[in-house]
Amino acid sequence: MGLHSILKKLKQKEHEVRLLMLGLDNAGKTTVVKRFCGEDISTISPTYGFNIKTVEHVVDKYEYKLNIWDVGGQSSLRSYWRNYFECTDGLIWVVDSADVDRLKDCQGELKKLLEEERLAGATLLVFANKQDLPEALSSEQIRDILDLNNLKTHHWYILPCSAVTGENLVAGIDWLIRDIAARIFTLD
Amino acid sequence: MAKSAEDGEEVFAVDDSQDTLELDVLVGHIENIILSDEFVALRESFMHEHCHKFEDTEENKLEYTDIFTQYTKLIEGHIENELSSREKGFNMNAFQELISKSEAIDGEVFDLLLTFTDFLSFKDAMLEAKKSTEDGSARLLDLLQVTRLSS
Ligand SMILES: Nc1nc2c(ncn2[C@@H]2O[C@H](COP(=O)(O)OP(=O)(O)O)[C@@H](O)[C@H]2O)c(=O)[nH]1
Ligand SMILES: [Mg+2]
Numbered sequence: 001m002g003l004h005s006i007l008k009k010l011k012q013k014e015h016e017v018r019l020l021m022l023g024l025d026n027a028g029k030t031t032v033v034k035r036f037c038g039e040d041i042s043t044i045s046p047t048y049g050f051n052i053k054t055v056e057h058v059v060d061k062y063e064y065k066l067n068i069w070d071v072g073g074q075s076s077l078r079s080y081w082r083n084y085f086e087c088t089d090g091l092i093w094v095v096d097s098a099d100v101d102r103l104k105d106c107q108g109e110l111k112k113l114l115e116e117e118r119l120a121g122a123t124l125l126v127f128a129n130k131q132d133l134p135e136a137l138s139s140e141q142i143r144d145i146l147d148l149n150n151l152k153t154h155h156w157y158i159l160p161c162s163a164v165t166g167e168n169l170v171a172g173i174d175w176l177i178r179d180i181a182a183r184i185f186t187l188d
Numbered sequence: 001m002a003k004s005a006e007d008g009e010e011v012f013a014v015d016d017s018q019d020t021l022e023l024d025v026l027v028g029h030i031e032n033i034i035l036s037d038e039f040v041a042l043r044e045s046f047m048h049e050h051c052h053k054f055e056d057t058e059e060n061k062l063e064y065t066d067i068f069t070q071y072t073k074l075i076e077g078h079i080e081n082e083l084s085s086r087e088k089g090f091n092m093n094a095f096q097e098l099i100s101k102s103e104a105i106d107g108e109v110f111d112l113l114l115t116f117t118d119f120l121s122f123k124d125a126m127l128e129a130k131k132s133t134e135d136g137s138a139r140l141l142d143l144l145q146v147t148r149l150s151s
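Chains as they are written, first to last, in UniProt numbering: chain A, 1 to 188; chain B, 1 to 151.
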C-alpha cells in the first residue's frame, strides 16, 4: 500500500480505465486499437515494444479516459507481458480467427494469463478478429476452442469483429467499460 | 472527469472535521516535498542518467518500462520517506482512508503527482531532458570551435 495506490484511487475518481491488449503476434491488436481510435490502419508494422493510446470514450453518457496498452505478441516477447499487468482493469484478448493452426497456442497463452494473480480482478473481452476473411472461424467456434464456457474466475464476453471493417469494435469496448464501471466506479 | 460533472465544478464538502484538516496538512507536506530543491535534483539526476535511451517515436521500447518502474519507485520512496519524517506517526493506509472518504482533492498537487506515475508524461519529460542535454552539448561544441578558431 503506497503512494501508487493512492494515486490510483484518485484516477478512479476521474473515471480512468486501463486496458491491456494481448494476443499472439499478427492477431490484429495494433490494428484494432488504431481503428478504434480512428487512425490510419494501412501502414501498421509488427510491434516489438509497446504502444499506449489515450482516448476519451463515452458510454451511457459518462465520459471515460481509456489508457489502452498494446504490447507485442511474438513468442520471444511474451515473457515481458507480465510487466504490464499491474492496475489493469480490462484485458482484451485478440484472436486471428483465420489462423486455425495457432489456435491451440492461443488457447494456452490465454489460459496462462487467466491464472495470473495480478490479472485476477480484470474483466476479459475476447475479440474473434478478422471476421472479414472467408476462412475465419465463428466466434462460437473460437469460444469453444478457448474453453470460455468453463471460465468462472473472470467476467468475460466474446464478440466476432473485424479491425478492417470496424465491425463490433465499439460494441465490444462498450461492454467492457460497462462491466468495469459496475465494479469499480460509483456512478451517480 | 465524468460528463455528469459538467453542470458544475465538483466541490468538496467543506467541513471542519479532523479528517479534512489532516488531509490538508498532508497535501501541504507533499507540496513542499515535490517543490524542494532536493526532489528536483533527484529527478534531474535520474533523467540525465537515462534520457539518452529514449527516442521520439510512437512505439515504445520494452526497456523503457524497467526505467519507468525504477523512476516511480525512486519518486514514491522519496515522498513516502519525507512524509514519515515530517509527520510523526504518518501512515500510508490512514492517508489512503482519508482520500477515499474525501469528495475531491485540490487539483494542482495531485496533477503534478500524477505526472510522476504516468508513463506518457514520464516519456515526454525524458525526451525533453534528452533534447536539452543535446542542445547543451551542441552549444559546448560551438564554444570549443570558437575557442580553437580564435587561438
Ligand atoms: N483481413 C483482416 N486483416 C487484419 C485484421 N486485423 C488486422 N489485420 C491484419 O493482420 C496483420 C497484423 O495486424 P497487427 O495489428 O499488426 O497485429 P498485432 O501483431 O496483433 O498487433 C496486419 O497485416 C493487419 O492488416 C482484420 O480484421 N481483417
Ligand atoms: Mg502490434
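None of these hints come from the bench; they were simulated from the model.
Note that the structure is a prediction, hence the values are computed from the model and not measured.
Even glycine gets a Cβ: it sits at the ideal position worked out from N, Cα and C.
Please note: incorrect hints may appear among the correct ones.
[What the hints assert, rightly or not] List time: in silico BS3-like cross-link candidates among lysine-lysine, alpha-carbon distance up to 27 Å: (1) A:Lys61 <-> B:Lys53; (2) B:Lys53 <-> B:Lys73; (3) A:Lys112 <-> A:Lys61; (4) A:Lys34 <-> B:Lys123; (5) B:Lys53 <-> A:Lys111; (6) B:Lys101 <-> A:Lys53; (7) A:Lys65 <-> A:Lys104; (8) B:Lys73 <-> B:Lys61; (9) B:Lys130 <-> B:Lys53; (10) B:Lys61 <-> A:Lys112; (11) B:Lys88 <-> A:Lys65; (12) B:Lys88 <-> B:Lys130; (13) B:Lys53 <-> B:Lys88; (14) B:Lys73 <-> A:Lys34; (15) A:Lys53 <-> B:Lys61; (16) A:Lys61 <-> A:Lys111; (17) B:Lys123 <-> A:Lys65; (18) A:Lys112 <-> A:Lys53; (19) B:Lys53 <-> B:Lys101; (20) B:Lys123 <-> B:Lys61; (21) A:Lys53 <-> B:Lys130; (22) A:Lys53 <-> B:Lys123; (23) A:Lys34 <-> A:Lys53; (24) B:Lys131 <-> B:Lys88; (25) B:Lys101 <-> A:Lys61; (26) A:Lys61 <-> B:Lys73; (27) B:Lys131 <-> B:Lys73; (28) B:Lys101 <-> A:Lys65.
[Said to hold, decoys possible] Anything over 10 Å on all C-beta distances counts as not near chain A; from chain B, calculated: (29) Glu31; (30) Leu42; (31) Phe46; (32) Glu58; (33) Asn60; (34) Lys61; (35) Asp66; (36) Thr69; (37) Ser85; (38) Thr117; (39) Leu127.
Distance restraint between A:Lys112 and A:Lys61, which requires alpha-carbon spacing of 27 Å or less: 36 Å, violated
Given hint A:Lys61 paired with B:Lys101 - CA-CA distance at most 27 Å: 25 Å, holds
Pair hint outcome, A:Lys61 versus B:Lys73 [Cα-Cα no greater than 27 Å]: Since the Cα atoms of A:Lys61 and B:Lys73 sit roughly 37 Å apart, the hinted pair is violated (cutoff 27 Å).
10 Å cut-off, C-beta based - B:Ser85 kept clear of every residue in chain A: 15 Å, holds
Restraint status (C-alpha distance of B:Lys131 to B:Lys88 at most 27 Å): 41 Å, violated
Given pair status - B:Lys53, A:Lys61, alpha carbons within 27 Å: Cα-Cα ~42 Å, so violated.
Restraint check for A:Lys61 with A:Lys111, where alpha carbons must lie at most 27 Å apart: The given pair, whose Cα atoms are some 34 Å apart, is violated under the 27 Å limit.
27 Å limit on alpha-carbon distance, applied to hinted pair A:Lys53 and B:Lys130: With Cα atoms ~23 Å apart, A:Lys53 and B:Lys130 stay inside 27 Å; holds.
10 Å cut-off, C-beta based - B:Phe46 kept clear of every residue in chain A: 17 Å, holds
Restraint check for B:Lys88 with A:Lys65, where alpha carbons must lie at most 27 Å apart: Since the Cα atoms of B:Lys88 and A:Lys65 sit roughly 37 Å apart, the hinted pair is violated (cutoff 27 Å).
10 Å cut-off, C-beta based - B:Leu42 kept clear of every residue in chain A: 15 Å, holds
Non-interface claim for B:Lys61, where every Cβ of chain A lies beyond 10 Å: 5 Å, violated
Hints 1, 3, 5, 6, 7, 11, 12, 13, 14, 16, 19, 24, 26, 32, 33, 34, 35, 36 and 38 from the list above are not met by this structure, while the remaining hints are.
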